[in-house]
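In order, the protein sequences belong to chains G and S. Residue numbering for the first sequence follows UniProt numbering, starting at 1 and increasing by one per position. Residue numbering for the second sequence follows UniProt numbering, starting at 1 and increasing by one per position.
Hints are computed from structural coordinates only; laboratory data are not their basis. Be careful, since some hints might not be right.
Because identical chains share one entry, a pair is satisfied inside a single copy or across any pair of copies.
Claimed, not checked - Cross-link-like lysine to any residue pairs, in silico, SDA-like; alpha carbons within 25 Å at most:
hint : residue 1 : residue 2
1    : K4        : Q326
2    : K386      : E348
3    : K386      : P201
4    : K356      : A77
5    : K356      : E110
6    : K367      : L49
7    : K135      : T239
8    : K367      : A77
9    : K356      : V107
10   : K370      : V125
11   : K236      : G332
12   : K367      : T40
13   : K386      : P321
14   : K135      : V343
15   : K358      : I387
16   : K367      : E56
17   : K91       : S237
18   : K367      : E110
19   : K370      : S346
20   : K367      : E98
21   : K358      : R115
22   : K367      : M79
23   : K135      : Q240
24   : K356      : E87
Number of protein chains: 2
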Amino acid sequence: MEIKGFSFSAVEAGIRYQDRLDLGLIYSDHPVVAAGALTTSLVKAAPVLIDIDRLEDGCAQAILVNSGCANACTGEAGMEVAFVTGELLAKELEIKPENILLSSTGVIGEPLNVRAFRDNISPLVQGLAPDNFEKVAQAIMTTDTVQKVCYHSVEIDGVDVHFMGMAKGAGMIMPNMATMLSFVITDAQIGSAQLKEALTPAVKKTFNRITVDGDTSTNDMVLVMANGGAQNSSIKSGTQAAEDFQGALQYVLMDLALKIVADGEGASKMITIRVCGAREDAEAEQVARTVANSSLVKTAFFGEDANWGRILAAMGRAGVPFDPYQVDISFGDVTLVRDGLAVGRSAEDTATAILKEKEITVCIDLKSGKCCEEVYTCDFSIDYVKINADYRS
Amino acid sequence: MEIKGFSFSAVEAGIRYQDRLDLGLIYSDHPVVAAGALTTSLVKAAPVLIDIDRLEDGCAQAILVNSGCANACTGEAGMEVAFVTGELLAKELEIKPENILLSSTGVIGEPLNVRAFRDNISPLVQGLAPDNFEKVAQAIMTTDTVQKVCYHSVEIDGVDVHFMGMAKGAGMIMPNMATMLSFVITDAQIGSAQLKEALTPAVKKTFNRITVDGDTSTNDMVLVMANGGAQNSSIKSGTQAAEDFQGALQYVLMDLALKIVADGEGASKMITIRVCGAREDAEAEQVARTVANSSLVKTAFFGEDANWGRILAAMGRAGVPFDPYQVDISFGDVTLVRDGLAVGRSAEDTATAILKEKEITVCIDLKSGKCCEEVYTCDFSIDYVKINADYRS
Chain G
1 MEIKGFSFSA VEAGIRYQDR LDLGLIYSDH PVVAAGALTT SLVKAAPVLI
51 DIDRLEDGCA QAILVNSGCA NACTGEAGME VAFVTGELLA KELEIKPENI
101 LLSSTGVIGE PLNVRAFRDN ISPLVQGLAP DNFEKVAQAI MTTDTVQKVC
151 YHSVEIDGVD VHFMGMAKGA GMIMPNMATM LSFVITDAQI GSAQLKEALT
201 PAVKKTFNRI TVDGDTSTND MVLVMANGGA QNSSIKSGTQ AAEDFQGALQ
251 YVLMDLALKI VADGEGASKM ITIRVCGARE DAEAEQVART VANSSLVKTA
301 FFGEDANWGR ILAAMGRAGV PFDPYQVDIS FGDVTLVRDG LAVGRSAEDT
351 ATAILKEKEI TVCIDLKSGK CCEEVYTCDF SIDYVKINAD YRS
Chain S
1 MEIKGFSFSA VEAGIRYQDR LDLGLIYSDH PVVAAGALTT SLVKAAPVLI
51 DIDRLEDGCA QAILVNSGCA NACTGEAGME VAFVTGELLA KELEIKPENI
101 LLSSTGVIGE PLNVRAFRDN ISPLVQGLAP DNFEKVAQAI MTTDTVQKVC
151 YHSVEIDGVD VHFMGMAKGA GMIMPNMATM LSFVITDAQI GSAQLKEALT
201 PAVKKTFNRI TVDGDTSTND MVLVMANGGA QNSSIKSGTQ AAEDFQGALQ
251 YVLMDLALKI VADGEGASKM ITIRVCGARE DAEAEQVART VANSSLVKTA
301 FFGEDANWGR ILAAMGRAGV PFDPYQVDIS FGDVTLVRDG LAVGRSAEDT
351 ATAILKEKEI TVCIDLKSGK CCEEVYTCDF SIDYVKINAD YRS
C-alpha cells in the first residue's frame, strides 16, 4: 500500500551498531494534521518532551526516528542534541523544525550520537520514496525479531480511507498511553481535535491493554498523521463517520499491539486474559492486568502447565473485591475452575493440550457484574531472561 | 538452642512426594500466648481462615504444618479436611482443637491428602523432642534450597529471653502482612495484646519489605508463640522492655526474611533497594518496591549490567512525584547517576565490578525530603523461569 503525499526512508547511520538500518524518516509533502499519545512515565525522554510541545498545534510534516539510543535521562544536553537533529533535517527538507516530530528508542542514559545524524541526514532525505514504509519499520526495531506493520482501508462517508501503521517494541512494554513506538499515517480528512478524540480511546483499548513485562518505557509514543488525501468530507465529532474512523484506527492499533505481544522478548505464546462479570470496567482491567503481569502465571504458561491456582493467587492480590468461590476460569473453551473449585483432572489434561497452542485465551468470570475487559500478554521464558541479562553487552 | 516447654517433630508423610519430611509439629506443653500476621490476599487458604479465627483469643498450644499441598482454593471440602487434621492431632495430644494452629504450603487447588495425616499423626507426636526444631524447618521447605532458622537471645529487664525462628519461601514472595510461612517461639513473658503490638510493626519492616517475584501467596503467615518461661516481668506497652522485645523480634524476622530473599527462586544475588530523600515513608517504599519488582532491573542484575537507566525508568512509573534531574543513584559506594545524569563510563565500570558480589545495595536519593525505606529482593535468573515453568511436574 502507498498513500499519496507520504514518503519514507531509512539508512544505516551507525548510531550504536553498524550494518543495520537505525535512522528512519516519515515525510509528508505538506504539513498535515497530527496527534500523539505519549508516555505517562514521570521520566520522559528528550524527544517525548519535544513532541508534547510540537503536537500542541495539531500539525506536523515529518517524523525522524532512530533506534540504538533512547536519548532518555540525558538532561539539557540530550534536549540540545535532539533539537540539533531536528534542525539538520529541517534544513535538508527546507521545512520548519517545529513541524518535525522526534522519536528515539534504545539504551537509556547514553548520549545521542549527533555525528551519525549529521553524516546521514542528506542520504536519508535523498532516499525518500513512497514504497519505503517497511524500511522504516525495520529501522526502529531493537530486540524485536520481526517488523510490525499493518495496512488497512475502510469506507468512510462513501470514500475509501487508507491507513498504514508500524510499531516496534518487545520489552519494557506495559504502555501507559502508548507503546514504545508506533506511527500511523492515513489519508483521512479530519481535524486535529477529532483525530485526538479518536486516538485517545483507541490507544486505551489497544496499546494500553498489552503487557510484556510490566515496565513502562520513558520513550513510549503513538503518532498519527492524516493528510486528507482521501477527500472524504471532514470528519465531525459524534457522527457515523467519526465512529467509522475511530473503529478503523483502533483496528490498526490493535493489530500492531498484538504483534508486539506476539513478539514479546522471549515469548513463545500470546495470551489473552479476559475478565468478565466485574462490577466495573476498571476492576475487570485491574484483575486482568495483575494476572497478566504475574511472573508465576507467565512462567507456568511457558511450562505449559494449567496452573490455575497461580491465576487465583494473583487475582487475590489485585486489590479488587470479589468472592473467590464464585469465580469460573477457563482456558479456551475448557472450564478448569467452577465456583472457585477445580473441575477435575481430566479438564486439566484437556487444558494442558490447549496450552501447547500459540494463542491462548484465559477467561475469568467473577460473576458479580456485567463489565468485561481484556489484557494481552505473553509467556515468560528462559529467553526473556537471557535477552535482558544481555541487552547492553 | 532449646526453649524449655517447646518440642518439635517432623515425619515423612508422603503428602505429595515420598522420602522427604513434609509434616511438622511445634508443640508447647501448655497453652501459651500467640499472635499471627496472615496473608492479606483476598484468596485465603483454608488453614489461614481457620487460624484467623483461632488466634482471636491470643492463645495456642501447637502448630501443625505440612508442605506439598497449600489447601487453598479448595472450598468447603478444604475447610472440612483442615478441621479433621486438627482434630486428629488434638485427640493424639489430648489438647483442645481450638488451640492448634494449622499451616499448609505447596500446590494450590488440590485436595489435601487427609490419609497421609491419619497415618502419620501418631508417629509425629511420638517424635516430639526439644532438639527437633530444624527438622520442622526442613519439613516446610518447597522450592527452598536451604532451611532457614534464626536463634537469638536478648536481655529484657535483666532477664535473658530467647527466640527460635524458622521460615520457608522462595517464590510467590511479595508478602503483604506475612511471608509464606514463618514460626517463631520465645520464652518471653508477654500478654497477647503486647505480642500483637510487637509483631505488626516488626512484620511491616521485615517480611513486608521483601519481594522475589511480586506475587503474594494465599497461605502467607507468621505465627509467634510465647510461653513466659524466661520469667521476665510481663512486658507492658510503651516500656523499654516492650521496645527491647520488639527489637529482638524484628531482628529474628529480618534475619529470616533476608534468608528468604537470598534463597529466592533461582537467585544468584541479594539486592537491597534503599530509597532516601523522599517526602514520605510510603513514597520511599513505593519507589523502592517498583524498582525491586521490575523484571528488567532484576534481569540486568542477573546479567551483572550496571543498567541504571532501567532503574530510572522503573521509578518513572512508580506513581510517586519526584524530579528526575535531582536523582542520585549509587551501587554500593559508587555513584553512577548524579542529578539524573550519568557520572560516566569509569563509574559504570567500577559498578560492574560491584555487581559481581553476592550482596548489593542500590541507593536512590530523591533529594526531596527526609524519608528513607528499604526493600529487599534478588535477581531474576534463567533458573527462576526453569523452576517455575516446571514446579508442578
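Hint-by-hint comparison with the structure:
Taking the shortest alpha-carbon separations for K4 and Q326, neither the intra-copy value of 55 Å nor the inter-copy value of 47 Å comes in at or below 25 Å. For the identical chains of this complex, K386 and E348 are inter-copy neighbours only, at 21 Å across copies versus 30 Å inside a copy, given an alpha-carbon limit of 25 Å. Proximity of K386 and P201 under a CA criterion of 25 Å is satisfied in neither setting, with 35 Å inside one chain copy and 39 Å between copies. Taking the shortest Cα distances, K356 and A77 never come within 25 Å of each other, neither inside one copy (50 Å) nor across copies (32 Å).
For the identical chains of this complex, K356 and E110 are inter-copy neighbours only, at 23 Å across copies versus 41 Å inside a copy, given an alpha-carbon limit of 25 Å. Proximity of K367 and L49 under a CA criterion of 25 Å is satisfied inter-copy only: 23 Å between copies versus 43 Å inside one chain copy. In the homo-oligomer, the alpha carbons of K135 and T239 never lie at most 25 Å apart, since the shortest distance is 36 Å inside one protomer and 73 Å across protomers. Taking the shortest Cα distances, K367 and A77 sit within 25 Å of each other only across copies (22 Å), while inside one copy they are farther apart (54 Å).
For the identical chains of this complex, K356 and V107 are inter-copy neighbours only, at 22 Å across copies versus 34 Å inside a copy, given an alpha-carbon limit of 25 Å. Proximity of K370 and V125 under a CA criterion of 25 Å is satisfied in neither setting, with 53 Å inside one chain copy and 52 Å between copies. Neither within a single protomer nor between protomers do K236 and G332 lie at most 25 Å apart by alpha-carbon distance, with minima of 40 Å and 58 Å respectively. For a Cα distance limit of 25 Å, the shortest separation of K367 from T40 across copies, 22 Å, qualifies, whereas the shortest one inside one copy, 33 Å, does not.
In this assembly of identical chains, K386 and P321 lie within 25 Å of each other by CA distance neither inside one copy nor across copies; the values are 37 Å within and 33 Å between. For the homomeric pair K135 and V343, neither the shortest alpha-carbon distance inside one copy (51 Å) nor that between copies (36 Å) is at most 25 Å. Both within a single protomer and between protomers do K358 and I387 lie at most 25 Å apart by alpha-carbon distance, with minima of 21 Å and 22 Å respectively. In this assembly of identical chains, K367 and E56 lie within 25 Å of each other by CA distance neither inside one copy nor across copies; the values are 44 Å within and 32 Å between.
Within a single copy, K91 and S237 get their C-alpha atoms no closer than 37 Å, and across copies no closer than 75 Å, so neither meets the 25 Å cut-off. When the C-alpha separation of K367 and E110 is checked against a cutoff of 25 Å, the pair qualifies only between copies, where the shortest distance is 23 Å, while the shortest distance within a copy is 50 Å. When the C-alpha separation of K370 and S346 is checked against a cutoff of 25 Å, the pair qualifies neither within a copy, at 30 Å, nor between copies, at 57 Å. Neither within a single protomer nor between protomers do K367 and E98 lie at most 25 Å apart by alpha-carbon distance, with minima of 52 Å and 34 Å respectively.
Proximity of K358 and R115 under a CA criterion of 25 Å is satisfied in neither setting, with 43 Å inside one chain copy and 40 Å between copies. Within a single copy, K367 and M79 get their C-alpha atoms only as close as 51 Å, which misses the 25 Å cut-off; across copies the closest is 23 Å, which meets it. In this assembly of identical chains, K135 and Q240 lie within 25 Å of each other by CA distance neither inside one copy nor across copies; the values are 35 Å within and 72 Å between. Proximity of K356 to E87 under the C-alpha cut-off of 25 Å is found in neither arrangement, the shortest distances being 52 Å within a copy and 43 Å between copies.
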